[in-house]
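Enquirer: Here's the letter readout for the chains.
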Amino acid sequence: MRKHIIKTPIAILSLLCTQAAIANDQLTDNTPRLTALTHASLMLSPGEMIENATLLIENNKIKAIVKDNDIPKNAFVIDLTGHTVYPGFVDPFTDYAIEYEPVIEDKSGPVYEIKRIGGNASNGAIHSEKQWFNYVYPDKKQAKEWIDNGFTSVQSSYLDGIFRGQGVTLSLADKKANDVIYKAATSQFMAFNKGSSIQDYPQSLMGSMALIRQTFADANWYNANKGKASNSNNTVEFNIALERLNDLNKQSFIFDTKNLNNQLRAARLLNEHELNGSLLGNGREYARLSELKNYPFSLVLPLNYPAAPEIIDGDSEREVSLAALRHWERAPSNLSMVANADIPFALTQHGIDSDKFWPRLKLAIKRGLSEQTALAALTTEAAEISGIGNLAGKIKPGYMADLVVTDGNIFADGKIVSIWLQGEEQQLINRDRALLDNLYQLQIADLSLDLKINQTTPLSGTLSSGEQEVTLANLNYQSGRLTFSADLSEAGFEGISRFTIWLDNQGVRGTMLDAHNQALPFGGLKLANEVEDEQTQQPNSIDTLISQQTSPNVAYGLKAQPKLDKVHIKNATIWTSDKAGVLENSDLIIARGQIKEIGKNLRTPSGYSVIDATGKHLTAGIIDEHSHIALNGGTNEGTDAITSEVRIGDIINPDDIAIYRSLAGGVTTAQLLHGSANPIGGQAQVIQLKWGDNAEQMKFADAPASIKFALGENVKQSNWGDDYNRRFPQSRIGVKSLFSEAFNEALAYRKAQEDYKKMRSSERRRTVAPQYNYRLEAIAEVLEQSRTIHIHSYVQSEILMFLRLAEAYNFKVGTFTHILEGYKVADEMAKHGAHASTFSDWWAYKFEVYDAIPQNTCLMHNNGVLTSINSDDYEMQRRLNQEAAKSMMYCGMSAVDAWNMITINPAIQLGIADKVGSLVEDKQADIVLWDSNPLSVYAKVESTWIEGRRYFDREQDKRAQASVATERAALIQKVLLSDDEHKQGETPIDLMEPEWHCDTHYNAWQQTAKGAL
Amino acid sequence: MKSMTSFKQVTALLCLPISFMASSHDMLPAAPQSQAVLFTNATVHTVTNGVLEQSDVLVANGEVIAVGQDLDKQEQVNSNNATGSELTQAAKADYLAELETAHIIDASGKHLYPGLIALDTTMGLVEVEMMRPSNDAYEVGFINPQLEAITAFNPDSEIIPTVRVNGITHAQVVPQGDGLAGQSALVSMDSWTIEDALVESDKQFHLYWPHVRWLSTDEDKRKEQLADLERRIDKVFNAFADGKRYLLAQQAGKVEKIDLRWQALAPLYEGKGQLFIHAQSQQQIEQAIALAKLYNFNIVIVGGYDAWRVASALAEVNAKVIYTQTLALPKRKDEPIDLAFKIPALLKQAQVPFALGFSSDWNSRNLPFAAGQSVAYGLTKDEALQSITLDAAKVLGIDNMGAIAPGYKANIILATGDILDPMQAGIESIYIDGRKIDLNNRHQQLYQKYLKR
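The listed protein sequences correspond, in order, to chains A and B. Each residue of the first sequence is one higher than the one before, counting from 1 in our numbering. Each residue of the second sequence is one higher than the one before, counting from 1014 in our numbering.
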């Protein structure tokens, strides 16, 4: 008993507390919810509109579309006369309502390994195990950003890392999580940016791409082999990140990139693995539509229009690029251009303030986007991408009652009046208050008065008859009931009359109380609203585009790819770079991209143009063995000591003006190498400098695979600062064992693969397969001689070390690049058969080049080492002819030998000498016409052909210079003449990338924290 | 005892790379000219008087005595005197005496050029750029007019002989820094000591005009950068105002405590020195001109990428330009691809007095080829040569270098071909102050060594 007595007050108290915190009527809500929206224009789906129809909603779904307005008696009716109903909009790319804080390890860099927890991935940027529905917690305030623009549902994910986890599509309704989730697990979100991961790897764009490739391979392997673990001696570690990436081809991916090049890279990567999905856009799609069109991916396009470039004075004007000016002008046309290219797309609010969304979309429509496509992008396409095409995006029985109700055409001057979320209305403009916008004619006794209310605060209005007008006082309005007073003495009602009026969409009824408190009832009609004709504006000059569009879409870009030349070049001095040596007064004919004929006094075939090259010189295109131009996102994956999985070929930047500048220096081919930040760097890519072509077209078809290795100061991190002293190796002593270890691993890897292949199929079914490893694969290829090494090297000790190591592993070293002390061990190099590619005269910039001499080329050449000169530099690349000539000056090399160092010799080193590097009949027509001896400092390139197309021409360049100047001037005028509205926009985040060099340390993700990559 | 040894070992190890570099090579500086030299039958690139074919040059006591055809014929003596005036009897006698004893070098089919002057270098201040112990070019602090680069000049730098072999007989040794970085000096490329090397000239102050290296695209950061730039520019103007105050006080005998900085800067206000302002963009250059106007400074713009755009403003303050970007990329994406190559011709066209520079230490040896490059893009060969000889000397306020003409220092290059073109250069010998210098260098030595392997 005592217990009870004590307990009771506490129980009462706690009950009181609960009640105070949350009022909770304990009754079940059993309201029948059948609603009829009548007399509305229904936009059932893009292009399918029915007028004066009724939409029947039951609970949270659409029940029926009733065309004859014959509605069930039990329906609650809302009259939507004069209104249009659209399907609610869907935003496929958001981070709405994800309540999550990542756990970030407190560890100082460099970080090579992360904490393994809960069976997660080994890389800190992989969160593919995350399923974001687990973290959904609706947020009314945040939802408003979308609802106000007509959105009713969104696809959402936490936006962090490379594999970001599976998104969730949910309603924006203000309900509990369980009610709003439409589809729990939708697309896997992806990006190149590693986000908050503290792990160093990957530090570069190509590193991210390699990690993605390896992860896909790991996932396929894991899900194919995890079941075998119990049957054999092998084990497969539990890995939830890989487990969730099962059946990749049945999953869908949505890839977040921040620029056009990366968008195309993402497309290529997904396509390479035959995956499905969508790409987040960036607003510049118009610049490479034909490429985007080649991929089976839909786009999710933001409406980010750049702010006008800042032009204050001559200096700031010069810093603005034509590309930026063009983009400012053309960005609002992007959507219509994408639509015209028939690439399916949805729209997103991502990347802009939500209040900019509709003004921007309307501008896009003004620039030619059809309303139907715009609507599809907001509804059907967006629903499809968000995985809810079967329940949202259309007005259709069975679909969610997610609707947008407007007054007028939403794509023109219409206004959103209300939003229906799961059958519940949120009025953006109070329907009652909308009545105040109507014009009514009151019939008081025999007096006709027009009533006009202005929705000011406080309200104001007038009663008028013809020219006469009376201002109203004491206006008050609530729920259709309007009261005011007016002085109608002019009309014969003495004193101040007081009105009470009930408004609806048909008319009014009311009572007037005169000065003697006599009530006079009256009625009135709704008048048709005046048509405002301010929409019939003249087309604005701002919408007439004056900028050109070129490929690439930067200054000096081309209108079209140069045509295949049919040309007879007469009477030139021809440097063949072949046995024939230098031919005086000779002719060369180019046809079908090849050298058709070389000889004296050739006959001009009909249909061929003629170039008189008297006094001029003709050479093969220059080839640069070592270059880092035309790359994005870092030339080094300078994190792990071995990164042979990364590919320069993934990150070609066809927009780089360096391509054009080097063409003007006679360069036609360059090997783009990984940097020298680690002993085994990445895979190289040989490109042709086909300015105007796209990244894939620039790749030298059939060039043998190659890879960058490195020795010396850079790989031991000598000049990286005090934080970098933990990675093995830190000395030249250590480098050798790192290589041995890598080679042994690769051999073991290959053997395991072969052993597995040899097994009977029944045995294979029981045995865990060896895991595919891109890193070891590339090294195995080196050992098998199917991938050539270009090894960055300086001092004799390391050169000899590597020669002997290669011999021990039975492979031949391809080319020692830089090789500034090659002259000391030229004999050994020649015996091994290794080639050399060096600088003409660089030295003394760091300690390991203190013994570099400009006679290096001669000593190596004379000892039988095939030698070339490379640039490793943007500027020097365009003067490689002069660099070659320096060997004539410093050590008396012959002109022909000097010239070969930048043509046939590098061609041999790159394994492409059968196609380029010399002027020989039937070889590729990579040809340079010079105005004088090409080895002279006074020589200038007149024209450069690649595969018979003239990609550079000095006269054409002069015209281009003039046209760039004219176009810039016109666009700058346009910026200066524009009003603030046309100038505002997001500050464009340009990729601020340095000129890449071997030793450029660059953290792609840190530099672009605000996201240009 | 034991600890002693280990200490010694440690010191030895530490000193190893440094002493290795500091150790002098075995190329001996040449002795002062004791015997006259007569070059005969050469193509003489006089710079002051065009290119003379088949001409002779007489050099004695470190100077050019005469230039002309058939100098060994006595009747030519007067006509070969560049001043045009009659020689005094004494001078005539000297001349004939020198001619009598002159060592004759047959230069038939060869070229004579004046020695090249490399402007804006860190010669002798830097041995291996990335090794801090061997890099003395840069000092901290924003206002350091009192620093003298010459104090750290290493005449034994291994780099020097590799640079002079391309015809560079003199170099301007320039301190690097932010703001007022100190004073540069002109040095001979063949000397025993700093004092041997130094060529006397007026004070040469260097100001690195404040700029933002990379303007951020982040709006807030950008604002911060620009505000900071404003502050630094104010600091420059304030410094010169303070310098002026100090000078005024000094002139009135009111200085109580020495201020090293302003004391050093004083000659500049009195027109006894030049201010080299390192600036590239139009805005920077215009700001520099504003400063020059304020105090009537003699200024030289170093870098000068946009200088051709502001020719008339430069003319107003009689500014000269050292253009250092000939072998550079265009600074802005949309600029003509060959703009950097063309700027020397554009400066010429705009009548801006200029010289070419090649800002580096070891790489300054490519100066002649930068000049050659400008020929392909609009300068004449003579103009290009002048921009790295006579005009370079003029920029430094030196009037007896950079030409082969009587009264000029006998800094002479003998070559078999065009020294601006590596394909044909062929430098055979070089004279500094009439002394034939050793053309051996670290590279030759290693080359010769490994030829024997």
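Hints were generated in silico from the structure; no laboratory data involved. Warning: the hint list may mix true and false statements.
To be verified - In silico lysine to any residue, SDA-like type, Cα no more than 20 Å apart, as pairs:
1. A/K983 with B/T1230
2. B/K1465 with A/G864
3. A/K958 with B/G1391
4. B/K1355 with B/P1343
5. B/K1234 with B/A1252
6. A/K258 with B/P1343
7. B/K1344 with A/A969
8. A/K846 with B/R1145
9. B/K1465 with A/N863
10. A/K144 with A/D313
11. B/K1346 with A/N863
12. A/K958 with B/P1343
To be verified - Beta-carbon label-pair distances, calculated as ranges:
13. A/S737 with B/L1464: 32 to 42 Å
14. B/H1224 with A/G195: 26 to 36 Å
15. B/E1329 with A/P994: 30 to 40 Å
16. B/V1225 with A/K115: 32 to 42 Å
What the hints assert, rightly or not - Covered by chain B, according to a simulated footprint, are these stretches of chain A (three or more residues, beta-carbon under 8 Å):
17. 307-315
18. 471-482
19. 545-558
20. 660-666
21. 882-895
22. 957-967
Here a beta-carbon is modelled for each residue, glycine too, at the ideal position from N, C-alpha and C.
Enquirer: Give a verdict on every hint.
Expert: These are the hints, each one checked on the structure:
Using a Cα cut-off of 20 Å, the hinted pair A/K983 and B/T1230 holds, with the two alpha carbons roughly 17 Å apart. Pair hint B/K1465 plus A/G864 holds up; C-alpha atoms about 16 Å apart against a cutoff of 20 Å. The hinted pair formed by A/K958 and B/G1391 meets the criterion: a straight-line CA distance of about 15 Å does not exceed 20 Å. Restraint check for B/K1355 and B/P1343: satisfied, since their Cα atoms lie roughly 10 Å apart, inside the 20 Å limit.
Only pairs whose Cα atoms come within 20 Å are accepted, and B/K1234 paired with B/A1252 is rejected, the gap being roughly 27 Å. Proposed proximity of A/K258 and B/P1343 is contradicted: the alpha carbons are some 27 Å apart, above 20 Å. Pair hint B/K1344 plus A/A969 holds up; C-alpha atoms about 19 Å apart against a cutoff of 20 Å. At most 20 Å may separate the alpha-carbon atoms for a hinted pair to count; A/K846 and B/R1145 meet this at roughly 10 Å.
Between B/K1465 and A/N863, the direct Cα distance comes to roughly 12 Å. Compliance with the 20 Å bound is thereby established for this hinted pair. Of the supplied pair hints, the one linking A/K144 and A/D313 is violated, its CA atoms being roughly 42 Å apart against a limit of 20 Å. Under the criterion of a C-alpha separation no larger than 20 Å, the hint pairing B/K1346 with A/N863 is inconsistent with the structure, at around 43 Å. A distance of roughly 16 Å separates the Cα atoms of A/K958 and B/P1343; the hinted pair therefore holds under the 20 Å criterion.
Separation of A/S737 from B/L1464 is about 35 Å and conforms to the stated range, judged on CB atoms against 32 to 42 Å. A hinted range of 26 to 36 Å holds for the C-beta pair B/H1224 and A/G195, which are about 34 Å apart. Checked against the hint of 30 to 40 Å, the pair B/E1329 and A/P994 passes, with Cβ atoms roughly 37 Å apart. In this structure the supplied range 32 to 42 Å holds for B/V1225 paired with A/K115, their Cβ-Cβ distance being about 40 Å.
Three residues within the 8 Å Cβ limit are the bar, and the segment 307-315 of chain A against chain B gives 3, so the coverage statement holds. Under the rule that three or more residues need a Cβ within less than 8 Å of chain B, the assignment of the segment 471-482 of chain A is violated, with 0 such residues. Look at the segment 545-558 of chain A against chain B: 3 of its residues bring a Cβ nearer than 8 Å to a Cβ of that chain, three or more, so the hint holds. For the segment 660-666 of chain A, the stated coverage by chain B holds: 3 residues have a C-beta nearer than 8 Å to a C-beta of that chain, and at least 3 were required.
Note: the segment 882-895 of chain A has 8 residues with beta-carbon separation from chain B under 8 Å; the three-residue rule is met and the coverage holds. Evaluation of the coverage hint for the segment 957-967 of chain A: fulfilled, as 3 residues show C-beta separations to chain B shorter than 8 Å, against a requirement of three.
In this structure, the earlier hints numbered 5, 6, 10, 11, 18 are contradicted, and the remaining ones agree with it.
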